[in-house]
Amino acid sequence: MDWKVVQDFVVPKCSGKTVRVDKGQRLRVIEHEGKQVLDLTFLNAHNYKEQFAAEFSAVMNSLEGIGGYYRLSKLYSKPPYENVMVSVAEDKIGDGGRGGERAGHFLLCHCSKQLVEHLGAPPGTRTCSDNFADAFAEIGLEQADVYDESIFNVWMQSWLEEDGSVNFAPPLAEIGDHMDFLAEMDVVAVLSVCPDESSPCNDFVAKALRFQVLAPA
Amino acid sequence: MSLSGSQTFIVPKCTGKAFRLDRGQRFRVVECEGKQVASLMFFNARNHKEQFMAEFSGGLNFAHPERLGSHYRVSRLYSKVPYENVMLTVTENELGDHFLGTHCTRTMMEVLGEPGHRSCSDNFTDALAEFGIELADVYSPSVLNAFANVKIDPKGQGEVRIEPPRSSKGDFMEFRAEMDVLVAVSACPDDLTAMNDHACKAVAIEIFD
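Protein sequence lines, in the order shown, are assigned to chains A and B. Mind the numbering: the first sequence is residues 1 to 217 in the numbering used here, read in order. Mind the numbering: the second sequence is residues 1 to 209 in the numbering used here, read in order.
The shape of chain A in the complex, shown without the other chains:
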């Protein structure tokens, strides 16, 4: 199938944004400068209470043999909805296109005020929570109304060891690498360009990301 670009924009480093993606359209996430993580969640565009559930999707994909905590094929919404909101259409990193011991994404938490303060950052350090709060405000939602704690950390190379310790490595994705998500319903994609510079998550430098919305040509 041929696709035409209907939206093309850059989200600056350390910021958040929402974008509407209609059923049948694709959201393309592009490494604009390289080794930058995107924290991503989705809402049903017609019922904001129907939200993407990352860890639930990780277990569902695992039971279906199509993913786990480091990669997904199907992104499910939370109970009681449990619909496939979005499916992964292209995933070079998850497919092993740049090697690595694991699929190269992360389905657990994003950075928050408490998390970075625990890690020794000064109070007021910007986190994905701030980006999400800004993004939700665009569509009239407060953070208390949304569960954004477990989201799709695109290109985040983090993992749990058997003893429960958390490890980090720089993203495998380089400039120009992309990942495509196909909307299976009308969704609002909520984007946080992760502002962390204290860990290898973004290779110690926060950068911008580019996005496209694609429609069948």
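Think of the hints as simulated: they come from the structure by calculation, not from any bench. The model shown is predicted, which means the values in this text are computed figures rather than measured ones. Yeah, the Cβ is synthetic: ideal placement off N, Cα and C, and Gly gets one too. One or more hints might be untrue.
[Stated by the list, open to error] For lysine-lysine, the following DSBU-like pairs were computed, each having C-alpha atoms within a straight-line distance of at most 30 Å:
1. B:151 <-> A:113
2. A:17 <-> A:92
3. A:74 <-> B:169
4. B:155 <-> A:113
5. A:17 <-> B:49
6. B:155 <-> A:74
7. A:23 <-> A:74
8. B:151 <-> A:92
9. B:151 <-> A:74
10. A:207 <-> B:155
11. B:49 <-> A:113
12. A:4 <-> A:207
13. B:17 <-> A:49
14. B:17 <-> A:92
15. A:23 <-> A:49
16. A:49 <-> B:49
[Said to hold, decoys possible] Derived coverage of chain B by chain A (criterion: at least 3 residues anywhere in the stretch with Cβ under 8 Å from a Cβ of chain A; other residues may be distant):
17. 59–69
18. 74–86
19. 103–111
Dock chain B against chain A, hints included.
Frame of chain A, contents of chain B only:
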């Protein structure tokens, strides 16, 4: 089994129950038969929008300068953003096994080949009804699955590995409420996987002043 709590009740197999706990009170979830997972949700009793965030609490415990715990052995249970308060503290956890992740749901039973099979979603729906909370108001299916023996593969796709619980009759996990909380417990009705060693059983709750 001797139950010494000031209030004790059994959660029969394949059912759910919700109860209030005042700040400073403790409760134990007890294996009254063994090898049975108890899935636990927590709400601020005064603001039901402030809910426990399971998977994130593991990260916050690990990131804490005193390394309070991890995804596989949590000690402080935090509420979701923007609150991020300590809702409860784990005061005893000798066995140490729990899984901070999703409870079982209707669709999971379908994927496991048994459409219509009872799931924790049904138990929580029943338990929360008396407090006027619907499943649609619960932000995340991520809970504290006490006694669950589930691990995430550190490599590959990060698949989950479900093993039978290591718990025996009499094992328990104890929590202290750091705020007034509403607790919902589900005696997990999954007999399709190794989660409950392929047989659903009851669990007991003891509440201490």
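Tested hints:
| no. | hint | in the structure |
| --- | --- | --- |
| 1 | B:151 <-> A:113 | holds (27 Å) |
| 2 | A:17 <-> A:92 | holds (24 Å) |
| 3 | A:74 <-> B:169 | violated (39 Å) |
| 4 | B:155 <-> A:113 | holds (29 Å) |
| 5 | A:17 <-> B:49 | holds (24 Å) |
| 6 | B:155 <-> A:74 | holds (20 Å) |
| 7 | A:23 <-> A:74 | holds (15 Å) |
| 8 | B:151 <-> A:92 | holds (26 Å) |
| 9 | B:151 <-> A:74 | holds (21 Å) |
| 10 | A:207 <-> B:155 | holds (27 Å) |
| 11 | B:49 <-> A:113 | holds (19 Å) |
| 12 | A:4 <-> A:207 | holds (26 Å) |
| 13 | B:17 <-> A:49 | holds (24 Å) |
| 14 | B:17 <-> A:92 | violated (45 Å) |
| 15 | A:23 <-> A:49 | holds (18 Å) |
| 16 | A:49 <-> B:49 | holds (13 Å) |
| 17 | 59–69 | holds (count 7) |
| 18 | 74–86 | holds (count 6) |
| 19 | 103–111 | holds (count 5) |
In this structure, the hints that do not hold are numbers 3 and 14, in rising order.
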